[in-house]
Structure formats: C-alpha cells, structure tokens
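Protein sequences, first through last, are from chains A and B.
For what it's worth, my numbering labels the leading residue of the first sequence as 4, then goes sequentially.
For what it's worth, my numbering labels the leading residue of the second sequence as 61, then goes sequentially.
Since the hints were made in silico from the structure, they are not lab data.
Idealized CB from N, CA, C, for every residue including glycine.
Misleading hints may appear alongside valid ones.
[Unchecked claim] For each label pair, taking beta carbons as the anchor points, the in silico distance ranges come out as: (1) B:R94 to A:A119: 37 to 45 Å; (2) B:E192 to A:D61: 22 to 30 Å; (3) A:K124 to B:F95: 22 to 30 Å; (4) A:E30 to B:A249: 43 to 51 Å; (5) A:T50 to B:E184: 17 to 25 Å; (6) A:P175 to B:A256: 51 to 59 Å; (7) A:K183 to B:D118: 23 to 31 Å; (8) A:H110 to B:E192: 24 to 32 Å; (9) A:E171 to B:E183: 30 to 38 Å; (10) B:V165 to A:P64: 26 to 34 Å; (11) B:V165 to A:P44: 20 to 28 Å; (12) B:D118 to A:P44: 45 to 53 Å; (13) A:K45 to B:P188: 16 to 24 Å; (14) A:D61 to B:D203: 23 to 31 Å.
Listed here are the chains, written in short residue letters.
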Amino acid sequence: MMPNYKLKYFNFRGRAELARLVFAVAEVEYEDIRFAVEDWPKIKPTTPFGQAPVLEVDGKPLAQSSAIARYLGKEYGLAGKTNWEQAQVDMIMDTMEDILTPMRAIHFCKDEQQKAELQKKYQEETLPNYLKGLETFLCGNNGGDGYFVGSELTLADLTFMHYTGQVEVFVPNPLAKFPKLQALRERVEELPKIAAWIAKRPKTLR
Amino acid sequence: MAHKYKLIYFDRRGRGEVARLLFAAAGVEYEDFRFKKEEWPKYKGTTPFGQCPVLEVDGKPLTQSNAIVRHLAREFGLAGKTAWDQAQVDMILETMQDIANPISVICLCKDEEEKHALKATYEEETLPRYLEAVQKILAANKDGKGFLVGDEMTVADLSLFWTLDCIPVMVKNPTAKFPKLQEFRDRIAAVPNIAAWLEKLPKTADWDNSNVEHNP
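Bound conformation, chain A alone (with noise of 0.2 Å):
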C-alpha cells in the first residue's frame, strides 16, 4: 500500500524540489504543502531540526533536502542500480552542492566591493572549473550523450538539472561553454514526466 507522503516547504523550488521532481518521475502522489514565510517560526519548532524541507512518510518525518531525496530515489529506482553506482550519484549530488554554496555566500555579502569580487571569482574561476570535471565525468559514461552514471536517468541528473536551475538565478547561461552538459540538462527536461512537471508547478523565483 502507497505510504501517505507530505512534503513541507516554503514556497520555493529552492531545497525540497528535488523531492518534487523525484515524486514527478515516479508518478507518486504527494501534498505539496507550502507555507508562508511569516508562517515559518510557528512551523519551526515542530521540525526536527528547526530546518525545511520536511517529508512525513505515514506521519513520521524525515529532514534534510538530500536525506529526502535518497530516500525517495532509492524508493523509486533513481538512486543508482549497484552500491558503486549509488556513490557515483552521491558524488555528484555533493558536487552540485559544493557549486551552489559559494553562490550563496555571495547573496548574502554585504559589502559591495567584496561581493563584486567574489562573484567575478566564482563566475570566471570556480565555476567553470566544476562544469569541466562534471563534463569529463560525463563523457566517461556513454561519451556524454546518455546520463551521469549508468544507463538511466538517476538522482544525479535531476540535481544537476535542478542545481543549473538555481545557479542560473544569479549567474547567466552558466552551461554555455559546455555542450554535453548543456544537452543533458535539455534531455533531462524534456522527459515527458517532467517537462509536465515544470509546465505545472507553480511560478516561483527560485
């Protein structure tokens, strides 16, 4: 029998969107809870962690964006099909995780001059060098025109299509110099499932 699933997060893609899309492939029904901002600290303290997302699976909850996620793609087939293969997905989750930090230490920085120089930084340097080792793993596997790890689609993919998402609010056509990853990201969208996903889910900056 399907468990009842709740996702609780704010009204964002932001972190519980990989669980969305994860919920979107498999075709699982979910309630989509979103709260308002000013709602968040009466929510707060009933969290396990004081943090959002939260999914209750039958009630009981489950923290952290990514803690979700596996449970979710291991639940449903996209968490990679060997023990190795799941370290590959996990490697490159945390990959993505390490390029979206950076941007939102800029974000927040106040003084003016630093942030210009911190983003030029992230933009000219540190992102690019990212994008070129997830492009070379890439093109190890099927030489760059299937997915990250294996044959079929995993949790890998969907972050990193999320993940460009996120670092497209702030940084340009980030995908530009990088062809494979830039067709990946449009094969990953353009699934049926969740190309009906993106066309649904409410407008939302990030």
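Given the coordinates of chain A, assemble chain B onto it according to the supplied hints.
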C-alpha cells in the same frame, strides 16, 4: 573478493576521519595515504573535481567525503538495516555537516565584527538547537544508552562522535549541557576497534582553516 582501498587526504583528521573510523570499526584494511598541505597542488589536478578526500576502490576514484562515507558504510553493513533506517542515518550525516560547516565559515571570516557576531549566533542559537535535537533522537532510542538509529552502530554514530570532537575548536565544552551526548561520545571511544584506532592515529592538528582549501 576483497576490494583494494586507498584513502587520499591531508595529514589531518578533518574530512577524512569518518572514513577512517569506518575502516577501523569494520576491521578492514586500507592504505591511509596522507600528504602535507604544501603538497596539495601536486595532487589537486589528478582528482576528478580538484578536491579531496578521494577514495580509490580498486583504482577507481570517488570524491566527496559523505559519498565516500555512505559507500563504505553500505559495503560494511554500517549504513542502517532498512530503507527508513538508512534515511535516518543520512539525515544525521547531513546534520553533522550543518553543525561543522559554520565553524569553517567563522574561521575564514576576515571582518572581526562579523566574525564575532557569527560566533555568538553559532554558540547561542545554532549549536544548542542542533545538539538538543540530536540528543532527543538519541534519547528516543533505548533512552540514549544505545545508538542513534536502530540496535547497532551505524555511520551516524561515528559521524556524531567525530563532529563532537570538532566543535571545541570554536565552542569549548559543547556537551556540558547535553550529558547523554557526552556519555555517548565516551561510549563510542571505548568500543575496542575505535579505541585501538584512537590510540594509533597520527597526532596531527584536528582542525584548521585549511579544511576548506581543498575546494577550488
């Protein structure tokens, strides 16, 4: 057939230590390859993403400390017994990152006033919130006398054990108000395989700013 493992990291505990604790707990042989900070430029270009630690498994590289840790935990039966247990273990691994990462951020902060403010927030709000939540999880399982998830040790316990040792570089005596966590820490340290590792591990600086320099 046994796999050939090589762990490549700086000569410190840092982001390699939970992997080392896993090898110790499972009693599995590996090459504990350590290089000095000044040697990093030599190795950086040979890694998939210019980062370390790297775990080589039969010569194939795996990066990202938590990916390494999850892989070894699965291989050694220390990842959690059911899918839900594994999810809880994952949740704790991520939470340990949330506890440890701000320490690096604060260490690297150049503006003294901002640094002071960040440290105060960490000490007075962030850290107690997390430690209280983690103690609650521990206490819900055999009243804190067992492990974080399920009936046996998992990588979640090793990660908490190591994280508790990391915190004092920023906040002294973090478990003073969390007796179950202190008791847990001492209990894990006394597990024979772990005690043996703690006895023989190279005595290096446990934590310094350069923990974050392995990112490009």
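Do the hints match the structure? See the list:
no., hint, verdict
1, B:R94 to A:A119: 37 to 45 Å, "holds, 38 Å"
2, B:E192 to A:D61: 22 to 30 Å, "holds, 26 Å"
3, A:K124 to B:F95: 22 to 30 Å, "holds, 25 Å"
4, A:E30 to B:A249: 43 to 51 Å, "holds, 47 Å"
5, A:T50 to B:E184: 17 to 25 Å, "holds, 20 Å"
6, A:P175 to B:A256: 51 to 59 Å, "holds, 54 Å"
7, A:K183 to B:D118: 23 to 31 Å, "holds, 27 Å"
8, A:H110 to B:E192: 24 to 32 Å, "holds, 29 Å"
9, A:E171 to B:E183: 30 to 38 Å, "holds, 36 Å"
10, B:V165 to A:P64: 26 to 34 Å, "holds, 27 Å"
11, B:V165 to A:P44: 20 to 28 Å, "holds, 24 Å"
12, B:D118 to A:P44: 45 to 53 Å, "holds, 51 Å"
13, A:K45 to B:P188: 16 to 24 Å, "holds, 20 Å"
14, A:D61 to B:D203: 23 to 31 Å, "holds, 25 Å"
Consistency with the previously given hints is maintained throughout, with no hint failing.
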